[in-house]
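Novice: Throw the hints in and build the complete structure from the sequences for me.
Number of protein chains: 6
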Amino acid sequence: MATVTLLRDDELSPEAAAVFADIRATRQTDFVNNFWRAIAHDPALLARTWGSIKQVMGPGHLDPKVKEMIYLAVSIAHGCDYCIHSHTAGARANGLTEPELMELLAVVGMAAETNRLVAGLGVPVDDVFRR
Amino acid sequence: MATVTLLRDDELSPEAAAVFADIRATRQTDFVNNFWRAIAHDPALLARTWGSIKQVMGPGHLDPKVKEMIYLAVSIAHGCDYCIHSHTAGARANGLTEPELMELLAVVGMAAETNRLVAGLGVPVDDVFRR
Amino acid sequence: MATVTLLRDDELSPEAAAVFADIRATRQTDFVNNFWRAIAHDPALLARTWGSIKQVMGPGHLDPKVKEMIYLAVSIAHGCDYCIHSHTAGARANGLTEPELMELLAVVGMAAETNRLVAGLGVPVDDVFRR
Amino acid sequence: MATVTLLRDDELSPEAAAVFADIRATRQTDFVNNFWRAIAHDPALLARTWGSIKQVMGPGHLDPKVKEMIYLAVSIAHGCDYCIHSHTAGARANGLTEPELMELLAVVGMAAETNRLVAGLGVPVDDVFRR
Amino acid sequence: MATVTLLRDDELSPEAAAVFADIRATRQTDFVNNFWRAIAHDPALLARTWGSIKQVMGPGHLDPKVKEMIYLAVSIAHGCDYCIHSHTAGARANGLTEPELMELLAVVGMAAETNRLVAGLGVPVDDVFRR
Amino acid sequence: MATVTLLRDDELSPEAAAVFADIRATRQTDFVNNFWRAIAHDPALLARTWGSIKQVMGPGHLDPKVKEMIYLAVSIAHGCDYCIHSHTAGARANGLTEPELMELLAVVGMAAETNRLVAGLGVPVDDVFRR
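Top line first, the protein sequences correspond to chains Y, P, R, U, X and L.
Here the working numbering is used: the first residue of the first sequence is 250, the next is one more, and so on.
Here the working numbering is used: the first residue of the second sequence is 250, the next is one more, and so on.
Here the working numbering is used: the first residue of the third sequence is 250, the next is one more, and so on.
Here the working numbering is used: the first residue of the fourth sequence is 250, the next is one more, and so on.
Here the working numbering is used: the first residue of the fifth sequence is 250, the next is one more, and so on.
Here the working numbering is used: the first residue of the sixth sequence is 250, the next is one more, and so on.
Wrong hints could be hidden among the right ones.
One copy or two, either will do: identical chains are not told apart, so a pair holds if it fits within one copy or between any two.
Pairs of lysine to any residue, SDA-like flavour, derived with a Cα cap of 25 Å [claimed, not checked]:
(1) K314 x D375
(2) K314 x S262
(3) K314 x T278
(4) K303 x P263
(5) K314 x A266
(6) K314 x V377
(7) K303 x G339
(8) K314 x W285
(9) K314 x Q304
(10) K314 x A267
(11) K314 x Q277
(12) K314 x E260
Keep in mind that the hints were calculated from the coordinates and are not lab data.
Specialist: And the structure:
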């Protein structure tokens with residue numbers, strides 16, 4: 250159903266193969282998911298996207314589990330089914346429990362509801378919320 | 250700019266006034282922000298929305314700061330300027346630091362980018378991501 | 250704040266002026282709102298859009314008030330502030346009462362919440378809902 | 250394809266079972282669709298969502314058919330395939346005819362088109378549309 | 250999976266059949282894709298939509314390939330899987346190469362990322378960008 | 250109105266100042282727009298975003314004007330007012346004429362309309378559009 254083919258390992262350019270090797274080394278698994286096999290058609294895009302993901306989702310100020318939750322929340326709001334599946338798996342792999350997942354969904358739903366109420370009413374920002 | 254008037258305290262119905270009293274007691278502040286003053290035109294909507302927010306954002310499995318971050322991430326994805334301002338303030342009030350805020354934004358941006366790449370490529374969900 | 254100028258009546262091309270005349274005749278008012286003054290830079294776009302609006306929002310199977318409500322609901326979901334203001338006004342002009350407006354908003358908010366819950370859970374369509 | 254299992258009746262907690270009983274009694278059918286079977290993992294979310302739906306979609310100021318149409322319009326704008334299928338069925342069950350459905354879609358499409366034209370042009374809200 | 254049946258040629262009304270004939274003549278192919286078979290339930294919607302597509306996507310100021318690219322970019326941002334498939338095909342038919350497609354996707358992803366960063370930060374429009 | 254301050258040149262960290270210097274050298278202008286002044290609070294995010302923009306929007310397979318048009322189309326679909334203003338300016342700076350801008354908007358609007366019609370009808374992808 251993809252609009253491009255999903256590249257097998259033996260179809261990768263040398264540049265793409267190097268990125269796949271780094272994905273495997275970083276994640277400590279041989280498995281490389283379909284997203285990377287699709288964007289591998291453009292080695293520069295592949296290298297840039299993997300480099301950014303590695304930097305943004307790597308060690309920083311926020312807990313990895315929290316970052317996966319934020320990623321998942323945005324993916325739900327954008328209606329990206331693939332991303333919802335991969336980042337629900339990613340959040341679980343980082344320790345998200347089932348009750349936490351359901352609570353995350355409740356917050357996402359609540360935000361969606363009030364986001365639209367606010368838009369429909371054209372509510373002006375309170376002065377106290379301004380920096 | 251609102252499509253309805255923002256109700257002052259002396260314009261509230263008794264049902265709406267009771268909700269405002271609970272908002273003040275729960276949040277331990279006299280301040281009630283514009284969102285509640287707009288939906289107060291419909292006391293049932295006001296009571297239901299406040300009750301849901303209180304339940305969803307109250308004590309549960311996730312940290313309050315994390316819930317505010319999820320709420321903020323969804324509000325950004327939906328482009329709700331009011332909600333972005335109020336929940337950035339809410340997250341800060343729950344301890345979000347400036348470096349954490351910037352990292353949250355980086356995750357949101359990264360998710361947005363890959364969400365759209367995935368959509369454009371029609372990437373099929375890997376079997377391993379299915380329950 | 251517009252990215253193009255809003256055309257005054259004396260700046261219109263003859264083709265655009267003819268569309269403005271039809272807008273005024275159809276709506277029985279001299280007032281022409283900013284949307285038309287912005288797209289008037291492209292007389293073909295103006296004529297096509299007005300022709301479509303006139304056909305779609307004109308007499309048909311659904312009540313004009315219901316059509317304005319649907320238009321408003323979509324505009325809220327898309328976060329179009331201008332459209333929210335113009336179609337809230339349009340719905341009121343077609344008889345929408347304040348309690349009805351608040352109820353419409355409650356339905357929109359409820360839909361937004363469950364839309365995102367469904368996406369987050371990847372709920373498969375029940376067979377009974379398929380044609 | 251769901252990210253959680255869909256709970257069968259014999260897997261429900263007592264709290265969730267009580268909500269299912271109320272869904273069946275209210276709708277006067279034994280059938281409970283997948284959405285409820287997915288959120289039943291969190292009985293509090295299930296109870297709250299069902300309570301809200303029952304209140305919002307129940308008797309009020311707007312006709313049930315109109316409410317289903319608004320719900321459907323929002324679901325289309327959010328691209329929620331499950332919700333589109335379930336609320337098209339819901340609207341039909343409330344009397345929506347096929348010509349009315351097609352007209353609803355025409356209004357939704359028209360709104361989407363002009364929402365984006367307005368955004369692209371940055372059209373400022375006319376004073377007359379402000380309250 | 251459609252919410253309406255897809256009409257076969259022998260099920261079309263005379264008005265719809267006339268539009269199908271024009272689609273075939275204009276595109277110089279006997280093939281008529283599912284979108285038109287779905288909206289053919291409403292001959293007026295079919296005629297209007299085809300007329301608009303023919304005008305907008307026909308000869309004008311922009312290259313047909315560029316127009317297909319813009320159409321595709323919007324379809325990705327809206328998460329319309331059908332439209333992504335049909336307009337990726339359309340862009341390729343108008344000469345879009347695979348490296349160009351990947352570059353288009355990179356631009357779409359980049360725009361999505363910065364769109365959300367801007368929203369999250371509430372960045373005010375620079376005076377120099379105003380007309 | 251921003252949720253963070255917009256950093257002046259004398260408030261930048263050395264890493265951020267280096268990026269600003271490269272922005273100025275690359276664009277051959279002293280002007281640095283607000284977006285960069287907002288994300289400069291996170292020098293790593295600033296450096297990564299600027300590096301990506303420079304790569305994606307720089308010389309490649311597509312014309313710079315076409316890339317700005319794609320960027321603008323996505324920004325309109327996402328309702329990002331800041332991005333719409335900055336990339337309308339960017340497209341004009343790359344040679345976009347006023348008739349071309351209006352035609353771009355017409356294509357964006359048309360795509361939005363049919364995207365939603367397709368979603369509302371649940372149109373299945375034609376086999377011919379699959380790779």
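Novice: Could you run down the list of hints and mark each one as holding or not?
Specialist: Hint-by-hint comparison with the structure:
{"no.": "1", "hint": "K314 x D375", "verdict": "between (32 Å within a copy, 21 Å between copies)"}
{"no.": "2", "hint": "K314 x S262", "verdict": "neither (33 Å within a copy, 28 Å between copies)"}
{"no.": "3", "hint": "K314 x T278", "verdict": "within (19 Å within a copy, 32 Å between copies)"}
{"no.": "4", "hint": "K303 x P263", "verdict": "both (20 Å within a copy, 24 Å between copies)"}
{"no.": "5", "hint": "K314 x A266", "verdict": "neither (28 Å within a copy, 32 Å between copies)"}
{"no.": "6", "hint": "K314 x V377", "verdict": "between (31 Å within a copy, 19 Å between copies)"}
{"no.": "7", "hint": "K303 x G339", "verdict": "within (14 Å within a copy, 29 Å between copies)"}
{"no.": "8", "hint": "K314 x W285", "verdict": "within (22 Å within a copy, 27 Å between copies)"}
{"no.": "9", "hint": "K314 x Q304", "verdict": "both (15 Å within a copy, 23 Å between copies)"}
{"no.": "10", "hint": "K314 x A267", "verdict": "neither (27 Å within a copy, 33 Å between copies)"}
{"no.": "11", "hint": "K314 x Q277", "verdict": "within (18 Å within a copy, 31 Å between copies)"}
{"no.": "12", "hint": "K314 x E260", "verdict": "neither (34 Å within a copy, 29 Å between copies)"}
When the structure is compared with the earlier hints, violations turn up for hints 2, 5, 10, 12 and for no others.
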